Structure formats: structure tokens, C-alpha cells
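Asker: Chains as they are written, first to last, in this note's numbering: chain A, 1 to 266; chain B, 267 to 562.
Quick caveat, the hints were computed from the structure, so don't treat them as lab data. Nothing here was measured: the structure is a model prediction, and the numbers come from that model. Glycine included, each C-beta is placed from N, C-alpha and C at the ideal position. Be aware that a few hints might be false.
[To be verified] Within a straight-line C-alpha distance of at most 25 Å, the following computed SDA-like cross-link-like pairs (lysine to any residue) qualify:
1. A:10 / B:556
2. A:64 / A:102
3. A:10 / B:554
4. A:64 / A:103
5. A:10 / B:553
6. A:10 / B:549
7. A:10 / A:207
[What the hints assert, rightly or not] Covered stretches of chain A (chain B as the covering partner; in silico rule of three or more C-beta atoms under 8 Å from a C-beta of chain B):
8. 147-158
9. 188-196
10. 209-221
11. 236-248
Each chain is listed here by its residues.
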Amino acid sequence: MPLIMFASPKGGVGKTTMTANIADALRRNGRRVLVMDFDPQNTLRLHFGVPLTDTAGFLADLPKRPDWRNLVRQTASGVMLLPHGAIDIRGALGLSSALERDPELLAAPMRAMLADPGLLVIADTPPGPSHSLNLLAPLASMVVAVLLADATSAALVPEIENGRFLGAGTMAALFAGRLRVVLNGVDPNARLSRASAETVARHLGPRLLGAMCREEVVAEALAAQRLLLDVAPNSRAAEDLREIARGIEAALPAVPDSLQSGWGAR
Amino acid sequence: MREDADVARVVAALNAPGMRYRSFNNPPVRVRPVAPPAPEPEEPAHALPPETAPLAAFEFAAPEDLTQVEDVALNAAAFLAAMASAAPPEPAPEPAMEAAPPEPAPEPAPEPEARPLFTWPELVSPAAASTGLLDLPPVTAAPAAAAMPSTLSMIRPGVPEPAPPRPLPPMPASTLMPAWPMEAAMSATLPGADFRLLNAISRDHDPLPATQPPAAGTTLNMLRGMLDQMPAETPFPVFTAPPPQAPLMPTQGHILPAAAVTVPLSDVMRLLSVGANPPINPFDAVRSALAAQPFR
Numbered sequence: 001m002p003l004i005m006f007a008s009p010k011g012g013v014g015k016t017t018m019t020a021n022i023a024d025a026l027r028r029n030g031r032r033v034l035v036m037d038f039d040p041q042n043t044l045r046l047h048f049g050v051p052l053t054d055t056a057g058f059l060a061d062l063p064k065r066p067d068w069r070n071l072v073r074q075t076a077s078g079v080m081l082l083p084h085g086a087i088d089i090r091g092a093l094g095l096s097s098a099l100e101r102d103p104e105l106l107a108a109p110m111r112a113m114l115a116d117p118g119l120l121v122i123a124d125t126p127p128g129p130s131h132s133l134n135l136l137a138p139l140a141s142m143v144v145a146v147l148l149a150d151a152t153s154a155a156l157v158p159e160i161e162n163g164r165f166l167g168a169g170t171m172a173a174l175f176a177g178r179l180r181v182v183l184n185g186v187d188p189n190a191r192l193s194r195a196s197a198e199t200v201a202r203h204l205g206p207r208l209l210g211a212m213c214r215e216e217v218v219a220e221a222l223a224a225q226r227l228l229l230d231v232a233p234n235s236r237a238a239e240d241l242r243e244i245a246r247g248i249e250a251a252l253p254a255v256p257d258s259l260q261s262g263w264g265a266r
Numbered sequence: 267m268r269e270d271a272d273v274a275r276v277v278a279a280l281n282a283p284g285m286r287y288r289s290f291n292n293p294p295v296r297v298r299p300v301a302p303p304a305p306e307p308e309e310p311a312h313a314l315p316p317e318t319a320p321l322a323a324f325e326f327a328a329p330e331d332l333t334q335v336e337d338v339a340l341n342a343a344a345f346l347a348a349m350a351s352a353a354p355p356e357p358a359p360e361p362a363m364e365a366a367p368p369e370p371a372p373e374p375a376p377e378p379e380a381r382p383l384f385t386w387p388e389l390v391s392p393a394a395a396s397t398g399l400l401d402l403p404p405v406t407a408a409p410a411a412a413a414m415p416s417t418l419s420m421i422r423p424g425v426p427e428p429a430p431p432r433p434l435p436p437m438p439a440s441t442l443m444p445a446w447p448m449e450a451a452m453s454a455t456l457p458g459a460d461f462r463l464l465n466a467i468s469r470d471h472d473p474l475p476a477t478q479p480p481a482a483g484t485t486l487n488m489l490r491g492m493l494d495q496m497p498a499e500t501p502f503p504v505f506t507a508p509p510p511q512a513p514l515m516p517t518q519g520h521i522l523p524a525a526a527v528t529v530p531l532s533d534v535m536r537l538l539s540v541g542a543n544p545p546i547n548p549f550d551a552v553r554s555a556l557a558a559q560p561f562r
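Extracted from the complex, chain B is given alone in its bound form (with noise of 0.2 Å):
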């Protein structure tokens, strides 16, 4: 949970009011030395030329001190007193020449359980989580985490929020059927699939009526008016071709035999097995319309 803690300690000092430097208690890289305040210089700026004293006024800083914006005025002994009370920064690790024989390392203190910026609720119920197995009861109300604010609404704070999902109310029993026995199942025709065995054995291959027409501006209305304003040409051959059915024949025993025995062999193996010409590459009639299509 290093992580978590880091982040909450970042998120908590950017939300500080009025605060516009902080250290996020990390030591710092380089302290300086107070100096006591220098002595009023004898020739004021105002004396230098006016396009020089800018520039001769101005003092090289770290960076630590450029971000030292005037409105936040830092007190100096406050500050090293804090620094004398932080923890002492770690030590530099010794070279490895001198390193002793390597021990095992202590364990490092458990870090004190860091508040979650954000935590989801707990579906699993704590028998389920002590066996390990996943035994999520119904849910039959909309959970806690219904209020989880959706992405939309954070962008767009007018939307409203989808109402959630409600389980129904129960059936009502006329409105059911019973299990259906296995016998009644073989027997009875189904009204909504209307599929039995015999009737899609000898059912046209093309039952369904033909689409309606597509309606002016949709998608497949400017691909059908592009197709119609090409040239007529014959069906690329992969598309018309019956599938190669080359009887499978054992792949001399180098060659993938398991799968040459168990799964179907595909049009690679099956080149390789029967020595026939390479298969015609669906790929190609992509390449041939994208051949076609001109830049825009």
C-alpha cells in the first residue's frame, strides 16, 4: 500500500489552501546555509543604469528557492528547526568491494494502513472468501454501487443518470411453459425457432426473405452505390471455388502429427501433405480492391 500512501500524502498537499510549495516531507537534496542578512550595499541599485540593475540585482538561487513565490514567505528558523527534527536521510549503501557477506534483510516495519482514496464494495461473502471459491448470492436489487457516478456525468454534469436495472416482477405461471419431457421436446414443434430435424434437412438454404431496401445515406447504401458504379467484374476465384478437398493423408511424421490426426487439417498442412498448388490467398481480393481504391 506504499503506493496508496504516496498518493493520498501528494493529493492532500495539492489541496492545500494557499500553499504553493511543499516539500511532501522528502528530504531535501541540498540545504543551504542561512546566510545573516548582508549588509545594505553602499551604492544603491537605482544608481546603475536603468536596463543593468536588473540584472546586476539578481542573485542565483537553487531551485528549491525559485519556487519560493513572494506570498509564501518561508522563516528560516523555523525551517531548519524542522529539518533538524526530520529523520536524518538515509545513508548512502556502501560500495559492493566492501560490503559485508550478504544477510537477510530484515523485514521492514509494516507501514501503518493507509486510509484508500477509493473502495469498492464487498460482494463476496466472508465464508465464500474464506473457502476460496467464488459463491456470489442473487442479486435481486439494485447494490450499493448503483451510485457510482458514470463516466458521462462527470464530463457532462447535466446528464442524468441512467436509472439501474430492476429485477422483475415473477411470471406469471399462464404465461409459462412446464419443462418440456424429452419426448414432448422430439414431438412437438417449436413456434418460436421452428427448426425440427426433418424440416431443416429439406428446408431451402435461403429461407429468409430477401433485406429491405436500404434506406438513402446509410453505410451500406454508399457501399452499394460504390459497387454499382465499378465495373462489372467476375467474383474474385477464392469466393467461387469450392474449398479444397484433398483427401488427408499422414504429414510423413514431422509435420505436426498430432494435429494432422485430431483437427482438420488446414490449407497449409494440407499443401504440405499433398504436394498440390498453394491455395488461392483470400487476402489477394483485398489486395485487389484496395489496388482499386483511390487516394483521397
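Isolated chain A, as found in the complex (with noise of 0.2 Å):
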């Protein structure tokens, strides 16, 4: 039922890979998870052990007004993948332009995922602005923006703060309300990284919904195409992504048992 929105007006935040962890997370919880990839470089599928070949997906296919429960995905770790597909340049020119034109061509079918009053859907959004950033954020009970604890993340916090990257205008600011803030790739050991996160954390206070340290092993975790929580579920990084977990957990509506039986449980 709830929409949790990934986003961040930077690429290269790790973006990504906190979105399959967190749903992993989430999932683990006990909540029925439905991720999609609204991103065109089409990476999400690769945390879910989807092969590089397989390149089939939802997005890229939206101007054919395909059924998004055909392309679902169940993965190994429970949570069910709608990935975006591998498009290229023309193909993109052609989503955008459709979504222009007709905005329902997405917000149908979205509005019909979010009608199963026990799912979950997390959407991991490009990076910047983009129609599906502008077409999800009404939706969302949540924007979670992930920021690098570096300098330029730090800048970034008034762009954060007043909702700019969600859009322009009005609406923009009242999105804002809903907006979280996570810090990826923190190192405490490193002056500047310390330094960055200290001025993002001394601003932001509860809206820093959390704060996962550097490790090595969420890059091994991509690596063997395997969720961080499967492969080193005692490792820091892995405490931090729990705690990320429940501080989204409180703000969601508590569901039911029953409602965790439906389609795509396991």
C-alpha cells in the first residue's frame, strides 16, 4: 500500500544499492515487497542475481502499455522485481515523450500496485530530475534522499531542505514534508567524511533517517550479485541498514498478518 520513494539530486550515491538492501530489509521484517526500477541504466536487477542478459523490464516497454504483472519478478530473497528494461537512446526519447503526453500511461498502473493494501512498493528513481520523479512523488508516503557524506552532499542539504530537486513550485515544498535523509558510504576514520556528515546530521537532526558506514563488504555484496544482509549480516554496515530499516518501519501503517499472505508472499 504504501509507496517509499529512493531519490537524489546526485548520481553515484549508492542510490541504488540502498534501495535492493533496504527493501531486503524490509522484506525481512515481514512486509510483501514490490521494488521497481525507475532508473535507465537498469542495475537494481543485478542485486537480485537477474543476469545481464535478461534485459527484459517494465519502463522501457510503458509506451506498449505492457501488464507490469507480467513482468514481476520473484527473486531469491523474497522481494518481487519489476526492473525498468535496457532501453536506449530513441527508446528513452520515446518514454519521455510519452509520459508528456500522457501521464496516466504510468500513474494507472501504479495506481493499481498501490491499491493491494498489503505491499509495499519502493521505487528507486534516476538521479536529477525526471518525469517518474515528478509522476511518484505525489504518491509517495515517503521520499527517502540518499547523499554521500562528502562536501558536494553537503551543499546540497538547502536544495534537500526546500524540496527544489523534487521539482519547482509549491507543491515541491509540501513534498519536502515527506522527505528523509540517509547518508551513504560514512567513514569515520577520514576528516572530511566525518566532517561532511557531522554538518549533514547537525542540520537535518530527526530528518536523518540514518547513516550507513563505508564497508567493503556492500560492494562484494553486488558483487556476488547478493544482497548485503545474505552475505554479511553481521557486518556494521549491515547493523546500519537494519537500523535505516526501522526508522521507515515506524512511519509506515502497521499491516495485518492476514494481508501478508496475499499475492507474491512467500
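Could you fit the two chains together into a complex? Lean on the hints.
Answerer: As C-alpha cells, this is what we get:
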């Protein structure tokens, strides 16, 4: 039922990695989770063991109005995955113009997904402005902005605070109220990382949902096409991940057990 | 495919059992004439002092000779015969001064297609390949490439392969919502999104409950612990001051006039157009925090 959206004004901050592992953590908490990839890089699938050569997906075929239910994958982790699909420049331009002409192309299937009361939908959006971001932000129960613990991310805090990176205008400021921030790649032994993290944490206060330390096992998990809680459940990064998942859980409505046995449940 | 053929040749040479030196079919840089066996020295080596005998018996050899280890005895006659039958080395290019006028270079003979070391399964249908358009059919089962070994299984053989994703069975119709007409969508309350236009306008700016207290030992807890130990500071001005709202003005026609018209002005352009004091640099906050960090 709720939609959690991972976004960032900047690329390369580990947003997709965070999305995949948070989806896995929430699944382990008993949620029925559907994770969607809105990023044309189409890399979210790799965290769940989908082969590189498997390039089918939902967004890439959206102008053809595919049935999203036929494209959902049941992964080994129990998380249901809706990949973006491979897309070239012509397809990306076609998708952009199609969403510009008819936003219902995406809004209608999103409403169908969110109508399932026991389903938690998690969306991974591309960095920066996008049609997906504009369409999903009004539907999202929570927007999680992922930032690196570096100077650039700290300098972007004003952009995040006033919601400008979610779009322009008054509505963006309203969406900003549902915004939470996660710091990624915090290295306590690096002065700049520590200083940047302190700057962001001091300013955001309780809006800082969590911080994830920089640890090699996170990248190793992706190298194995597996998830962090599966590869290194006792690592510090795994504990940080669980804490972020608990913060998200605290903001979600409780779901009765009867709703956890529906479609896609394991 | 020249590179692939070379790689395949080197790999095959390296995998040859018992062979520790191969020329990889390259022409030798220098072929030494094989001299007849030298007569036995009249004075045996052991007649020399023991400390000088190995040095005196040492014969300087070309690098290729040094690679001939004792367990690989090369037959000199066979080696010369093989060299004679091998293709002669390419002649050295003539000096540029004597070169004839440039002629169109003849097309090199096509190399035989070497067998690739690894092939990716082809997913593009012949029809799609002919049209140049990527028209992938929906994949409903794990493709053949699922057998490709993962990185972790190569470096840690004991780790089991993750099960490939499988497509879901069709969703029961009872749990599906039909496509909503636009009127119904505008009038109905979205159960999942909890969003309507009027609700959003009257919504509290911070509707989410506060996050739970962080668990001990996590990075967030460490961050907040460090903040608690630091003296209370006034927030950095860049995070408290509202963004400058200077009126947009023309840029005298010589500083990115198109950008001034079509996109919101950045702080720098606002400074140029209005002539106000430079805005506070957000990086100053990081620099200030960095200066307070102890060296470890």
C-alpha cells in the first residue's frame, strides 16, 4: 500500500544499492515488498541475481502499455522485482514524450499497485529531475534522499530541504515534508567524511533517517549479485541498514498478518 | 578479431603440458648458427680451482638460450628445419625518401574466424537485427545465461549460486483493481498514497512521525554522539537564511542570455545580474567542520 521513493539530486551516491538492500531488510521484517526500477541504467536487477542478459522490464516497454504483473520477478530474497528494462536513446526519448503526453500511462499502473493494501512498493528513481520523479512524488508516502558523506552532498542540503530537487513550485515544498535523508559511505576515520556527516546531521536532526558506514562488504555483495544481509549479516553496514529499515517501518502503518499472505508472499 | 586469435594462441601455448618455452610462432629476433660440437677441452674444468671453475665454464648466451631449460632438449636440426619452413619475416620498410608514391593499400586477407573464448547468448531476434531495432520479447523464464558463474562463486567455490528469479504466477483477479477512469481517480481516496490535492495543501509539512532512537553502535548513533560532545553552535547561515530572492533581471545581453530567459538563475548569475553581495557558499559549512576535525 505505501510507496517509498528513493531519490537523490546527485548520481553515484549508492541509491540503487540502498534501495535493493532496504527492500530486502523490509522483506525480512515481514513485509510483502515490490521494488521497482525507474532508472534507465537498469541496474537494480543485478542486486537480486538477475542475469545481465535478462534485459526485459516495465518502464522500457511502457509506451506499449504492458501488463506490469507479467514482468514482475520473484527473486530469491522474496522481494518482488519490476526491472526497468534495457533502453536506448530512441526508447528513452519515446518514453519521455509518451509520459509527457499521457501521465496516466504510468499513474494508472501505479495506482493499481498501491491499491493492494498489503503490498509495500519501493521505487528507485534516477538522479536529478525526471518524469518518474514528478509522477511518483505526489503518490509517495516517504521520499528518502540518499547522500554521500562528502562536501558536495552537504552543499546540496539546502536544495533538499526546500524540495527544489523534487521539482519547482509550491507542491515541491509540500512534498519536502515527507522527505527523509540517508547518509551513505560514512567513514569515521576520514576527516572530510566525518566533517561532512556532522554538518548534515547537525542540520537535519531527526530528518536524518540513518547513516551507513563505508564498508567493503557492500560492494562485495553486489559482486556476488546478492544482498548485504545475506552476505554479511553481522557487519556494521548491515546493522546500519537494519536501523534505516526500522526508521522506515516506524513511519509506515502496521499491516495485519492476514494481508501478508496475498499475491507474491512466500 | 586479431586480438582474440592472439589471445587464444597464447592461452593454448601456456596450457601445453610440459612445455615451458614457446616462441608463439613469432619469428626469432636473431638466429644463431649452430656450430659443430666443440672438441673436448684438453684441460678438464675440474682441473681449475674450485671457486673459478663454474665461472670459467659459463658461456654467455642469448636470452632465448637462457630460457631453454634442461628438461626441454631442443633438436637443433629439427629447429632449423622448422625455421626454414616458416614464413620469412616481413621485410623492413623502405626509407621514406625512396618510397614510391603512396598507393592504396591492398585489403588484408581476411583472417580465419577464430573460435571465441566466450560467447554471450544472443537475445535479439533475426528480424529485430535486420531492422536495427531492439525488440526484445518478454522473458518469462530464466535465460540460458543464468548458468554464467557469478563472481563470488569463482573466488569462493563453496558459496552456492543464488536461485535465479522466476516469473510470478498471474495475479488473481480478485486482488486487482481495474484501470480507474479519470473521474474516479480524482474523486477516490488513494488508499496507498494517502494523497489528494486538497489534503496535500492542508497537510502538515512534517507529517511523518519522528524516527526511532538509533540503536547503539550504529553509524548514526556515532554521528549524533559526536554532535552531542561538540559545543553548541549556531547553525551555519547558509542553512538558515532563505535563498536569495533577487528579482530576475536581464544580463545585459552578453552573459548567457538564453539561460537567463529559460531556466532559473543560479546564484552566480543572480550575483552577476543584480550586483548583490555574493551568496554564502554552502561549502563553507563543510570547511568549517573540517577545520574542527582532529587529525587521527
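Asker: All the hints need checking, so say for each whether the structure fits it.
Answerer: Going through the hints against the structure:
Distance check on the hinted pair: residue 10 (chain A) and residue 556 (chain B) sit about 22 Å apart at the alpha-carbon level, within 25 Å; holds. The straight-line distance between the Cα atoms of residue 64 (chain A) and residue 102 (chain A) is roughly 13 Å, inside the 25 Å bound, and the hint therefore holds. Taking the CA atoms of residue 10 (chain A) and residue 554 (chain B), the gap is near 23 Å; set against the 25 Å cutoff, the hint holds. For the proposed pair residue 64 (chain A) and residue 103 (chain A), the alpha carbon gap of about 14 Å is at most 25 Å, so the pair holds.
Between residue 10 (chain A) and residue 553 (chain B) the CA atoms are separated by roughly 20 Å; this keeps the pair inside 25 Å, and the hint holds. At most 25 Å may separate the alpha-carbon atoms for a hinted pair to count; residue 10 (chain A) and residue 549 (chain B) meet this at roughly 16 Å. This hinted pair checks out: residue 10 (chain A) and residue 207 (chain A) have alpha carbons roughly 19 Å apart, not beyond 25 Å. Counting residues of the stretch 147-158 of chain A whose beta carbon lies closer than 8 Å to any beta carbon of chain B gives 6, which meets the minimum of three for the stated coverage.
Look at the stretch 188-196 of chain A against chain B: 7 of its residues bring a Cβ nearer than 8 Å to a Cβ of that chain, three or more, so the hint holds. With 6 residues bearing a CB less than 8 Å from a CB of chain B, the stretch 209-221 of chain A meets the requirement of three and the coverage assertion stands. Requiring three or more residues with a Cβ within less than 8 Å of a Cβ of chain B, the coverage given for the stretch 236-248 of chain A holds, as 7 such residues are present.
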